[in-house]
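There are 4 protein chains.
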Amino acid sequence: MNNLLGRLQIYDYLYTKHSSSIVAKDMLNRKLRMGMVGGGTGSFIGAVHRIAALMDGEIELVCGCFSSDPDVSVASGKALYLPANRIYTSYGAMFEQEVLLPKHDRMDFVAIVTPNHLHFEPAMMALERGFDVVLDKPLTYNLDEALKLRDKVTETGKLFALTHTYAGYPAIKEARERIRRGELGTIRRIYVEYPQGWLSSKVEDEGNVQAQWRTDPSRSGKAGCIGDIGTHAFHLVEYVSGLKATHLCAELNTFIEGRRLDDDGAAFLRFDNGARGLLFATQVATGEENAVRLRIYGDKGGLDWSQMEPNTLWMKWPGRPMEMIRTGQSYMSHAAKHNTRVPAGHPEGYLEAFANIYRNFALTLRARMEEIVAEQEWLDFPGIEDGVRGMQFIEAMVKAGKTDSPKWVAFDDIG
Amino acid sequence: MNNLLGRLQIYDYLYTKHSSSIVAKDMLNRKLRMGMVGGGTGSFIGAVHRIAALMDGEIELVCGCFSSDPDVSVASGKALYLPANRIYTSYGAMFEQEVLLPKHDRMDFVAIVTPNHLHFEPAMMALERGFDVVLDKPLTYNLDEALKLRDKVTETGKLFALTHTYAGYPAIKEARERIRRGELGTIRRIYVEYPQGWLSSKVEDEGNVQAQWRTDPSRSGKAGCIGDIGTHAFHLVEYVSGLKATHLCAELNTFIEGRRLDDDGAAFLRFDNGARGLLFATQVATGEENAVRLRIYGDKGGLDWSQMEPNTLWMKWPGRPMEMIRTGQSYMSHAAKHNTRVPAGHPEGYLEAFANIYRNFALTLRARMEEIVAEQEWLDFPGIEDGVRGMQFIEAMVKAGKTDSPKWVAFDDIG
Amino acid sequence: MNNLLGRLQIYDYLYTKHSSSIVAKDMLNRKLRMGMVGGGTGSFIGAVHRIAALMDGEIELVCGCFSSDPDVSVASGKALYLPANRIYTSYGAMFEQEVLLPKHDRMDFVAIVTPNHLHFEPAMMALERGFDVVLDKPLTYNLDEALKLRDKVTETGKLFALTHTYAGYPAIKEARERIRRGELGTIRRIYVEYPQGWLSSKVEDEGNVQAQWRTDPSRSGKAGCIGDIGTHAFHLVEYVSGLKATHLCAELNTFIEGRRLDDDGAAFLRFDNGARGLLFATQVATGEENAVRLRIYGDKGGLDWSQMEPNTLWMKWPGRPMEMIRTGQSYMSHAAKHNTRVPAGHPEGYLEAFANIYRNFALTLRARMEEIVAEQEWLDFPGIEDGVRGMQFIEAMVKAGKTDSPKWVAFDDIG
Amino acid sequence: MNNLLGRLQIYDYLYTKHSSSIVAKDMLNRKLRMGMVGGGTGSFIGAVHRIAALMDGEIELVCGCFSSDPDVSVASGKALYLPANRIYTSYGAMFEQEVLLPKHDRMDFVAIVTPNHLHFEPAMMALERGFDVVLDKPLTYNLDEALKLRDKVTETGKLFALTHTYAGYPAIKEARERIRRGELGTIRRIYVEYPQGWLSSKVEDEGNVQAQWRTDPSRSGKAGCIGDIGTHAFHLVEYVSGLKATHLCAELNTFIEGRRLDDDGAAFLRFDNGARGLLFATQVATGEENAVRLRIYGDKGGLDWSQMEPNTLWMKWPGRPMEMIRTGQSYMSHAAKHNTRVPAGHPEGYLEAFANIYRNFALTLRARMEEIVAEQEWLDFPGIEDGVRGMQFIEAMVKAGKTDSPKWVAFDDIG
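Chains as they are written, first to last, in the numbering used here: chain P, 1 to 415; chain Z, 1 to 415; chain A, 1 to 415; chain R, 1 to 415.
Check the hints yourself; a few may be wrong.
Quick list of simulated restraints, FRET-style, between CB atoms [as the list claims (entries may be wrong)]:
1. A:Arg180 - P:Arg320: 16 to 22 Å
2. Z:Ser90 - P:Tyr331: 57 to 63 Å
3. A:Thr246 - P:Arg320: 48 to 54 Å
4. R:Lys244 - A:Lys148: 45 to 51 Å
5. A:Tyr331 - R:Asp69: 35 to 41 Å
List of simulated lysine to any residue pairs, SDA-like, C-alpha gap at most 25 Å [what the hints assert, rightly or not]:
6. R:Lys103 - R:His117
7. R:Lys300 - Z:Ser333
8. R:Lys244 - A:Glu257
9. R:Lys103 - P:Arg86
10. R:Lys31 - P:Arg30
11. A:Lys222 - A:Ile414
12. Z:Lys300 - Z:Gly274
13. P:Lys402 - Z:Lys399
14. Z:Lys103 - Z:Val72
15. Z:Lys300 - P:Gln212
16. P:Lys202 - Z:Glu375
17. P:Lys402 - Z:Arg276
18. R:Lys300 - Z:Tyr331
19. A:Lys78 - A:Thr89
Quick caveat, the hints were computed from the structure, so don't treat them as lab data. Just so it is clear, the structure is predicted and the values come from calculations on it, not from any experiment. Glycine included, C-beta positions come from ideal geometry on N, C-alpha and C.
Put together the whole structure using the sequences plus the hints.
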């Protein structure tokens, strides 16, 4: 059995679905080949992308331009054991030269992990040169770029993934499934929150590189906290609930004197089915780590998930006991199991959630290359529409929240 | 040693403060005598008030008018072992007749535990007849009554307590102390929430008496959820933070068709020091019990408290470990210890928090009667100002939240 | 309706059982009258007993001998608002004089809250004089006294309660019920633990009165930690599981140099159905509060309860989600509801668990006095057999654990 | 900068130590090459080893013999994208042929992930052929094999790692560091537990392959539960505490009728400094997942760690608040940071703990190959001595626990 299913089974203890209909044509008896833009020494998210990509044995890193500083790029590439001729000092050069390599050598897709203002250009170039793309969130520097990028994805037909990590957790897949199945009934009330504390003092003035670009409008875009983490919260809500926000009323704050972008915000949300939401994101909640939490209530039940204990999903019921739903258990949905690697009680975390995006992207890409039909679960990774949606959210938040006359802003009036 | 301190010590394992200056004049070698309005068979909060009042051996129940239904009042009084002549069938009669009893027999104060629309009249009467008052929250049916009642309290000089239970928890006293001491630095961000699920279906149509009056504008007032539990959340914020809200922007919702009052709401808050707050209260969070939670963040640290695990207070710090502060520990403040009965690890709960209001009210009242100076901690119970503040909050929420044009409402423009 | 049911209903929001068959003869339209031995100023458990006894409005304190020091007894009694003629300076005098009082004045029962070596004599005297008895645990100073006391209880037919507090928690009642119903199947494995840290240094030398008598063989008995808290753990196991331990193999340790009794111990247990148990108790687990925990596993499921979050009972199942069973919920058993005062989400704690013992004792005593049949739930409080069992446990632990040749000790070979 | 430090930095956000003294000789600008014995389709631990090995970009899989069934081995190797000539159908053939490959092609080390009875022979062969070894635990089928394997490791001087996963968690590294530093003072009391529920029915008869070999004495060895998970618990205790157990007194149970090995056990432990321990492991705790927990108490403080929330370490203190120590925080020790990949609040889990063993093994192996001195932290992975110790523990448990006359067994009397 040399097919995708075999590959899944050898890596996935819980993957029990047997489908004799999936027989790959064996055109591609090799790992997928990834190039990288950004992510050199000192980067946080670059290493995360690499771990996520490598973990499941489906992808190998073959080339990269890891920094705009040529020395850093070269040193980084060497530290990653790349041959000298596959370490590039400009991403333009990388795309140009990779495309000239023989097909059995050149990269299949590129992961772009640069700051926000450097998403658009390399992504456009990659697509134009025929490479599939994985891009870090938020999609682009502004909504205009986002719309152009969407057009390019459509035009080229290339595969596109956006790394909204939290959507990769198996308990989140389970939450989504259960809502789809109607277990909560009609959704009424949604609370989503994302408190962090790391920007509660002016660390951008103390040499913190991560803080510097995130608080700099020329690199981060119109929004700070809302773009950096608010978009994650917003994505999670729409992804899990299956609803679309139609309006929001918001407040954006900057608590640290001299900071140029928001470091805090909150919003009332209205959804297309009439449900109401409350969202907050803050980076000045002193002492908080990364406490994403999502609660959704319908007329039949509620659910509650916290990223810092990600393997647990709480189901809450009227008149019967709360249930503690746990990743890796036999009763989980196929959607959850497909994104789980180890049995219950062996905690999986952030890197595995991230890896699920890469794995599903890779499975879908491989299905394309092997000319087979991708399974439903493989297609489950955030894409260009999620990215555009996030940019609309940023626009709406800034429009609604940077004023002393609060108002409802309609998503339909954005971009 | 026959004085108040002795009384505290005999009931309070943790009460270690020795103050030779407190010597009561021994005028009052007896328990304080309480009468009650409301709280007959079938009442929830009536029994809570009685347990809270009796627990510490400082108060005895001597009379009551437990229901507007005379039969229920009599049956209730008998079940409480009251003599027939101290069971009244109207509160008017009770106040009139009690005042005529010899001083060594008649009640000292009255606890009023009726639905909201029946707070004002008995409270006014009691004050006018010279009785001190404990009143269930919210203060009155509307703001107008609240202001009049405040005038009456001022005019009569009687002692007045409002049972904002959550302010009675020792961990809440500790939180307040630590903010007072400056441990959090300047407060920036406050989140308070109060989710319940018990009104997520239309139980008022299914014979639930508690739900019936709470969803009935003629008994509950302008607001439903916001009056019933939103006021608790609001009180907790101002009590612990020491800040005053100046403005709010709100959304009020009624999710259950045909329900006549809000069953859900949320607000952005602004405080007098520039801090921002987010408050939500809901009674349609299906499956939730009574999950009050308060988080406050300053520039130096944060704190986090959840009512459903009330003996723990989390202190969160930048760059050093979170601390789990626990009721009953030796390191707690005097304010917390004074409101604690048992050592750490022996959980105290809702009834003890409630009893702390009664105990502090009783100690203060006794100090007045014995003509000694009350200790700082005895004076620490919610009073008439807290009640007026709560009514202003209801007014502001309704004004801001029942509109499709969101706006900032100033507390200064209310009442 | 002047009967016990009415009394329950007025204090118990959750008490929904209506039984027209319970009609008291109305012989006793008053609270039950309690006297107290021990529990003067400085006592921890004395105040706990009083709060527990008073809370539910069924009992009043009418007399006491609060200390062997006459001055302390008098000062304590005055602080408790007792009249001078009901404050005694010896318990012998108290029993003699109370029995001579007219029936409508004298105490109905006595609560004995002295150190272990002073349990037997006052308890015997009280029974002989015709008073019912509530006694703090462990039952007596040694097994010999325990057996004599059991004989006396049998002989006199008086009501006898032993305050094994943890058996009073509603979640513990629920656990017991569920095992009775067979939800766990056949019990196989039991783990019970009771870690405390307060004796991890030699506080008995630093003026800690609680520590002094507990580590003193002449006041505590043969065992220290094992008698003080090990007996609680052992009682909980047998009470909840419904099983009887038949053998144990133990290790007793004294970690603090110069301490005269054990401050730590552990045991393997064997039960009459073949189940195996593991019990540990320690007072040198530095930094621990009072972390009683009980886990029981059968062939169908498991349960898990922790005293420091007492309102939650975990049910664990193979192949389906864990359930979080919560005190105050509508789905709870009648046994649990009867011992609950407030709805779910309003935490009850240690004092309420303690009060449940007093309330059930009082209801049963009242049923006797009113000549009606006590309900099943009223009879549910620890009694003389539990006490004898605890003393046998202490004997067995000492016999098995104070040797370098471990052995199985049979309970049948003890006393 | 092409050296090991650069490699660490590019993968490790938290790795901030700069040491100019580490300059590799650049002999090895490539990943390390791993072969594998066992771990074909259907294996749980095989996939875990591969994920752990690949995640950090330091290791690539180059060959393997994945099953004793040649078809399974070939299919597995193909699913892992190995070239046909590197997929072997016997491990003997693999070692023989790999050693003949040119140095720049052949595997550097082998990971052996077979059931217990198939550890010894391939490990011996690999060492004899000059390959370094990573072996799954427990070390061997019996103690005799363990001692021979130790001799072989000594004789060949090859690097040897044993995958005691739980020792790889960063919070465990932190716990160990803090004990080393003396934060707990003198260790007195240790509790370690490992409850699972998956063998609470006779799943070995229902086609569960994992259960089949683990309950089969001919494949598992003398012990079932004790060998499978008891050894993990025991390793954790000695690893974190730095103490050595000298004696144990145990009870071994088999609860499921017809099962041929223990599925449950418990032991009293004595340590070389006089500390006492309690260990239990069970696979019949119905409904439990994988709830490893370690508690250690000294005269100055205590610590508490639970594998199912692995990023938190509790520090418990007398007279001051418990601290919640969190993986990824700036205050963590270098030992913990070296084994952490992402900032606090981004949970890491079981696979990362596993990967830490592989990463440290790889760093040490690389240091040898590049002829530089390994850093202290790289050397921190379980090795042959840990393995022998585990086999001694199994022997001692069986000797002490399979008898009705409990006794203390001395480790010195074992092998």
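Hints, one by one, checked against the model:
| no. | hint | verdict |
| --- | --- | --- |
| 1 | A:Arg180 - P:Arg320: 16 to 22 Å | holds, 20 Å |
| 2 | Z:Ser90 - P:Tyr331: 57 to 63 Å | holds, 59 Å |
| 3 | A:Thr246 - P:Arg320: 48 to 54 Å | violated, 38 Å |
| 4 | R:Lys244 - A:Lys148: 45 to 51 Å | holds, 49 Å |
| 5 | A:Tyr331 - R:Asp69: 35 to 41 Å | violated, 51 Å |
| 6 | R:Lys103 - R:His117 | violated, 31 Å |
| 7 | R:Lys300 - Z:Ser333 | holds, 23 Å |
| 8 | R:Lys244 - A:Glu257 | holds, 22 Å |
| 9 | R:Lys103 - P:Arg86 | holds, 24 Å |
| 10 | R:Lys31 - P:Arg30 | holds, 18 Å |
| 11 | A:Lys222 - A:Ile414 | holds, 14 Å |
| 12 | Z:Lys300 - Z:Gly274 | holds, 16 Å |
| 13 | P:Lys402 - Z:Lys399 | holds, 22 Å |
| 14 | Z:Lys103 - Z:Val72 | violated, 28 Å |
| 15 | Z:Lys300 - P:Gln212 | holds, 21 Å |
| 16 | P:Lys202 - Z:Glu375 | violated, 43 Å |
| 17 | P:Lys402 - Z:Arg276 | holds, 14 Å |
| 18 | R:Lys300 - Z:Tyr331 | holds, 17 Å |
| 19 | A:Lys78 - A:Thr89 | holds, 13 Å |
Violated hints, listed in ascending order, are 3, 5, 6, 14 and 16; each of the other numbered hints is respected by the structure.
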